[in-house]
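There are 2 protein chains.
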Amino acid sequence: MTKLLLILCDGMGDRLTKGKTPLEAADSPNMDRIAKEGICGIMDTVRTGVRPGSDTAHLSLFGYDPLKVYTGRGPFEAAGVGLKLQDGDVAFRCNFATLKDGRVVDRRAGRAEHGLAELADGISRIRVEGAEILFKKCAGHRAVLVLRGEGLSSCITDTDPESSDVIPNSCESLDGEGASLKTAGILNEFTQKTAKLLSDHPINMERVERGLLPANIVLCRGAGIKPNIKGFEQRYGLKAACISATTLIKGVCRTLGMDVIEVEGVTGHVDSNIAAKARAAIEALKEYDFVFLHIKGTDEASHDGKFDLKKGMIERIDREVISPIRDNVKDTTIVLTADHSTPIGIRQHSADPVPIAILGDVRVDQVDRFTERDCAKGGLLRICGNDLMGVILDISNTAKLFGA
Amino acid sequence: MTKLLLILCDGMGDRLTKGKTPLEAADSPNMDRIAKEGICGIMDTVRTGVRPGSDTAHLSLFGYDPLKVYTGRGPFEAAGVGLKLQDGDVAFRCNFATLKDGRVVDRRAGRAEHGLAELADGISRIRVEGAEILFKKCAGHRAVLVLRGEGLSSCITDTDPESSDVIPNSCESLDGEGASLKTAGILNEFTQKTAKLLSDHPINMERVERGLLPANIVLCRGAGIKPNIKGFEQRYGLKAACISATTLIKGVCRTLGMDVIEVEGVTGHVDSNIAAKARAAIEALKEYDFVFLHIKGTDEASHDGKFDLKKGMIERIDREVISPIRDNVKDTTIVLTADHSTPIGIRQHSADPVPIAILGDVRVDQVDRFTERDCAKGGLLRICGNDLMGVILDISNTAKLFGA
Numbered sequence: 001m002t003k004l005l006l007i008l009c010d011g012m013g014d015r016l017t018k019g020k021t022p023l024e025a026a027d028s029p030n031m032d033r034i035a036k037e038g039i040c041g042i043m044d045t046v047r048t049g050v051r052p053g054s055d056t057a058h059l060s061l062f063g064y065d066p067l068k069v070y071t072g073r074g075p076f077e078a079a080g081v082g083l084k085l086q087d088g089d090v091a092f093r094c095n096f097a098t099l100k101d102g103r104v105v106d107r108r109a110g111r112a113e114h115g116l117a118e119l120a121d122g123i124s125r126i127r128v129e130g131a132e133i134l135f136k137k138c139a140g141h142r143a144v145l146v147l148r149g150e151g152l153s154s155c156i157t158d159t160d161p162e163s164s165d166v167i168p169n170s171c172e173s174l175d176g177e178g179a180s181l182k183t184a185g186i187l188n189e190f191t192q193k194t195a196k197l198l199s200d201h202p203i204n205m206e207r208v209e210r211g212l213l214p215a216n217i218v219l220c221r222g223a224g225i226k227p228n229i230k231g232f233e234q235r236y237g238l239k240a241a242c243i244s245a246t247t248l249i250k251g252v253c254r255t256l257g258m259d260v261i262e263v264e265g266v267t268g269h270v271d272s273n274i275a276a277k278a279r280a281a282i283e284a285l286k287e288y289d290f291v292f293l294h295i296k297g298t299d300e301a302s303h304d305g306k307f308d309l310k311k312g313m314i315e316r317i318d319r320e321v322i323s324p325i326r327d328n329v330k331d332t333t334i335v336l337t338a339d340h341s342t343p344i345g346i347r348q349h350s351a352d353p354v355p356i357a358i359l360g361d362v363r364v365d366q367v368d369r370f371t372e373r374d375c376a377k378g379g380l381l382r383i384c385g386n387d388l389m390g391v392i393l394d395i396s397n398t399a400k401l402f403g404a
Numbered sequence: 001m002t003k004l005l006l007i008l009c010d011g012m013g014d015r016l017t018k019g020k021t022p023l024e025a026a027d028s029p030n031m032d033r034i035a036k037e038g039i040c041g042i043m044d045t046v047r048t049g050v051r052p053g054s055d056t057a058h059l060s061l062f063g064y065d066p067l068k069v070y071t072g073r074g075p076f077e078a079a080g081v082g083l084k085l086q087d088g089d090v091a092f093r094c095n096f097a098t099l100k101d102g103r104v105v106d107r108r109a110g111r112a113e114h115g116l117a118e119l120a121d122g123i124s125r126i127r128v129e130g131a132e133i134l135f136k137k138c139a140g141h142r143a144v145l146v147l148r149g150e151g152l153s154s155c156i157t158d159t160d161p162e163s164s165d166v167i168p169n170s171c172e173s174l175d176g177e178g179a180s181l182k183t184a185g186i187l188n189e190f191t192q193k194t195a196k197l198l199s200d201h202p203i204n205m206e207r208v209e210r211g212l213l214p215a216n217i218v219l220c221r222g223a224g225i226k227p228n229i230k231g232f233e234q235r236y237g238l239k240a241a242c243i244s245a246t247t248l249i250k251g252v253c254r255t256l257g258m259d260v261i262e263v264e265g266v267t268g269h270v271d272s273n274i275a276a277k278a279r280a281a282i283e284a285l286k287e288y289d290f291v292f293l294h295i296k297g298t299d300e301a302s303h304d305g306k307f308d309l310k311k312g313m314i315e316r317i318d319r320e321v322i323s324p325i326r327d328n329v330k331d332t333t334i335v336l337t338a339d340h341s342t343p344i345g346i347r348q349h350s351a352d353p354v355p356i357a358i359l360g361d362v363r364v365d366q367v368d369r370f371t372e373r374d375c376a377k378g379g380l381l382r383i384c385g386n387d388l389m390g391v392i393l394d395i396s397n398t399a400k401l402f403g404a
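From first to last, the protein sequence lines are chains A and B. All letters in the first sequence, in the order written, are residues 1 to 404 by the numbering used here. All letters in the second sequence, in the order written, are residues 1 to 404 by the numbering used here.
I should point out that these hints are in silico values taken from the structure, not numbers from a laboratory. Predicted model, so just to flag it, every value in this text is computed and none were measured. Be aware that a few hints might be false.
Pairs count within a copy or across copies, as identical chains cannot be separated in the list.
Straight-line Cα separation of at most 25 Å, DSS-like style, residue types lysine-lysine; simulated pairs [said to hold, decoys possible]:
| # | residue 1 | residue 2 |
| --- | --- | --- |
| 1 | Lys36 | Lys330 |
| 2 | Lys306 | Lys400 |
| 3 | Lys330 | Lys20 |
| 4 | Lys196 | Lys100 |
| 5 | Lys330 | Lys400 |
| 6 | Lys18 | Lys286 |
| 7 | Lys377 | Lys18 |
| 8 | Lys196 | Lys84 |
| 9 | Lys196 | Lys68 |
| 10 | Lys377 | Lys230 |
| 11 | Lys330 | Lys18 |
| 12 | Lys196 | Lys36 |
| 13 | Lys239 | Lys136 |
| 14 | Lys68 | Lys193 |
| 15 | Lys400 | Lys286 |
| 16 | Lys193 | Lys136 |
| 17 | Lys20 | Lys196 |
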């Protein structure tokens with residue numbers, strides 16, 4: 001039995017730009033060494049032809065089928081900021097935004113954080129009929145809302161229109177049932193009361209004086225009821241830790257009961273202190289059976305459509321993460337992969353399978369480069385992300401026998 | 001976002017005859033160019049190891065899992081000849097056949113069409129207890145029967161014995177339930193009344209005088225209740241058109257709500273005017289988001305066990321369909337594949353996976369010939385036909401995100 005280290009570079013898979021993917025263009029000898037000494041393949045993280053979100057992809061890779069357990073993004077955002085959900089809670093991801101003449105002029109209130117903590121504090125004291133309000137500010141212009149009460153449902157639409165120069169959406173029931181009608185009513189009341197509180201709030205006067213956009217509305221999306229999920233350790237018997245700078249990913253891991261290890265200097269962007277994350281992962285493997293190391297910069301560069309930045313981020317991961325891990329981690333099954341592709345050309349998640357390499361007690365194949373097209377020739381062939389845990393538990397000789 | 005063109009050569013996949021498949025023996029440079037410039041793979045259209053019918057394969061490829069929605073062939077045949085089914089209708093595919101001394105001597109009444117329209121007209125006026133009769137002649141010796149009424153079921157056996165020199169089957173309930181017992185009774189009554197009407201019908205006297213076999217019985221098979229299927233456009237948001245000469249395939253497409261474009265000179269056989277179909281597809285792409293081009297000749301040649309005819313048909317498709325499409329279709333994700341293999345050696349559908357090549361924003365692989373064995377080395381590896389829509393919607397950048 002060996003320990004397990006899952007290294008996941010968010011959105012690292014890609015399509016061709018001038019005939020090459022960023023992985024193909026990158027100089028990444030340490031990743032290549034993992035490919036060369038391990039077994040490779042390509043992986044559909046949720047299902048073949050399904051464009052995964054970050055949350056659904058991670059659930060699937062941890063062995064939880066998102067088609068069965070996923071209720072929405074909200075509960076993971078809530079867990080990510082440390083809100084403990086109770087059964088029946090409905091959680092939302094929220095943005096502070098700017099409304100002018102009834103229309104959304106900036107979905108992110110200019111990304112200006114000034115005074116938002118104080119506004120959040122006021123919002124968390126709003127009272128509505130039928131549910132308790134929990135509201136917590138997160139990084140930047142983001143926040144999480146939790147509605148707590150009897151008979152709520154997440155089968156409702158977003159108030160966030162996800163575009164500008166339009167009016168905010170009214171929240172509607174998606175199924176016409178009593179619980180969702182009630183919840184939609186509560187969210188609409190919350191939105192109106194919030195707008196009223198914010199419209200003439202001194203903080204917003206101050207923001208305008210400073211040349212910032214006022215944060216005069218809260219837009220909500222990704223409603224989800226607390227998912228019914230068995231803990232990771234309970235399920236696999238492995239003590240697990242997560243190292244990530246991303247609220248949503250920390251939330252997924254916390255929901256599964258993993259310990260989240262905070263690392264100094266991480267940002268979730270291309271400037272993150274990923275060398276510190278690698279050191280934290282190496283250290284964590286002394287205590288934990290399963291360590292999940294998540295690096296977000298590759299996805300950030302992809303969403304910005306920056307090929308060279310993504311290539312450079314891959315090269316930095318190769319030097320600052322893969323190299324020290326290769327040198328310092330022993331007796332561990334190591335997996336290198338991504339949660340989804342985010343092709344530079346389209347700047348959004350795609351269903352293109354991701355490359356995967358596994359180092360351990362495996363049938364070493366002839367692949368010697370860690371790229372999408374090289375890994376497609378590997379010994380794993382094409383696997384489903386939801387089967388990954390089974391595959392690596394087996395390689396680390398900790399899997400249970402089915403049958404006799 | 002690009003448009004989508006799915007080119008499907010029916011039954012094109014094969015096994016080895018003297019060491020080669022028809023695709024391997026054929027000179028098909030335009031198909032090879034799609035393979036070379038695209039991404040290739042092999043595909044199990046329904047599931048690995050499942051021998052697909054034409055109807056189940058097409059449903060699966062359009063993203064409808066036949067294991068969940070397929071009720072039988074009848075409803076698609078009915079839709080193919082333009083019969084609009086209502087909820088609860090049970091439809092059958094029928095043959096005019098020849099009975100002698102109580103035994104089926106020819107399941108197709110010698111394939112002679114003479115007078116069958118008039119016979120069908122008479123049959124459509126037959127009355128039975130418990131259901132309305134709709135009966136429509138199709139091409140050749142074929143027809144469609146629809147039973148319309150309360151409490152019917154398609155869980156019954158065929159009356160068509162599917163072999164000669166045997167007596168026709170009595171229709172039986174498969175589940176012993178009231179609805180199927182009732183429906184079986186109705187079909188048996190229909191069969192008896194039809195045989196009575198036809199036995200001394202003047203048209204049959206006339207046929208015998210002309211040296212043709214009498215069409216003195218109607219054999220039914222493929223009972224199916226109207227399937228509960230969400231329309232293609234409603235599901236994918238794509239305006240879709242079908243170009244096919246085959247009743248069954250047109251029926252599948254009509255059932256999904258696609259427009260069926262009729263083309264002059266098409267036959268569904270090896271002599272079909274496939275160049276006209278290619279022109280129609282190119283034209284249709286101006287108006288439609290998704291165009292499905294179906295060519296039947298390859299399957300016909302396979303069922304006849306004619307290797308050279310199949311090879312020749314492939315070469316004709318290459319010249320008359322693929323070449324003009326390659327030259328004239330832009331900004332479109334193009335898929336070239338088959339619905340199933342129909343190996344020459346066995347003259348029937350097999351579960352051997354089909355080759356597939358996709359041209360578009362893909363990870364171009366090193367395959368440079370469009371054959372079963374070359375495509376097996378491609379970057380798609382082996383996919384399930386039921387995932388194809390997800391894969392190509394993703395490539396054309398029209399797929400929805402699952403999660404956040």
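Here is how each hint holds up against the structure:
1. With identical chains, the CA atoms of Lys36 and Lys330 are at most 25 Å apart within one copy only, with a shortest distance of 17 Å there and 40 Å across copies.
2. With identical chains, the CA atoms of Lys306 and Lys400 are at most 25 Å apart between copies only, with a shortest distance of 23 Å across copies and 44 Å within one.
3. In this homomeric assembly, Lys330 and Lys20 come within 25 Å of each other (Cα to Cα) only across copies, at 22 Å, whereas the closest approach inside a single copy is 33 Å.
4. Taking the shortest Cα distances, Lys196 and Lys100 sit within 25 Å of each other inside one copy (14 Å), while across copies they are farther apart (80 Å).
5. For the homomeric pair Lys330 and Lys400, the shortest alpha-carbon distance inside one copy (23 Å) is at most 25 Å, but the shortest distance between copies (41 Å) is not.
6. Taking CA atoms no more than 25 Å apart as the test, Lys18 paired with Lys286 passes in neither setting, with 43 Å inside one copy and 28 Å between copies.
7. Proximity of Lys377 to Lys18 under the C-alpha cut-off of 25 Å is found in both arrangements, the shortest distances being 22 Å within a copy and 23 Å between copies.
8. In the homo-oligomer, the alpha carbons of Lys196 and Lys84 never lie at most 25 Å apart, since the shortest distance is 28 Å inside one protomer and 55 Å across protomers.
9. Proximity of Lys196 to Lys68 under the C-alpha cut-off of 25 Å is found in neither arrangement, the shortest distances being 39 Å within a copy and 50 Å between copies.
10. For the identical chains of this complex, Lys377 and Lys230 are neighbours neither inside a copy (35 Å) nor across copies (38 Å), given an alpha-carbon limit of 25 Å.
11. Only between protomers do Lys330 and Lys18 lie at most 25 Å apart by alpha-carbon distance; the minimum there is 19 Å, versus 39 Å within a single protomer.
12. For a Cα distance limit of 25 Å, the shortest separation of Lys196 from Lys36 qualifies neither inside one copy, at 61 Å, nor across copies, at 61 Å.
13. In this assembly of identical chains, Lys239 and Lys136 lie within 25 Å of each other by CA distance neither inside one copy nor across copies; the values are 29 Å within and 44 Å between.
14. For a Cα distance limit of 25 Å, the shortest separation of Lys68 from Lys193 qualifies neither inside one copy, at 35 Å, nor across copies, at 47 Å.
15. In this assembly of identical chains, Lys400 and Lys286 lie within 25 Å of each other by CA distance solely inside one copy; the values are 24 Å within and 41 Å between copies.
16. Within a single copy, Lys193 and Lys136 get their C-alpha atoms as close as 16 Å, which meets the 25 Å cut-off; across copies the closest is 64 Å, which misses it.
17. Neither within a single protomer nor between protomers do Lys20 and Lys196 lie at most 25 Å apart by alpha-carbon distance, with minima of 52 Å and 72 Å respectively.
The structure is inconsistent with the numbered hints 6, 8, 9, 10, 12, 13, 14, 17, although it conforms to all the rest.
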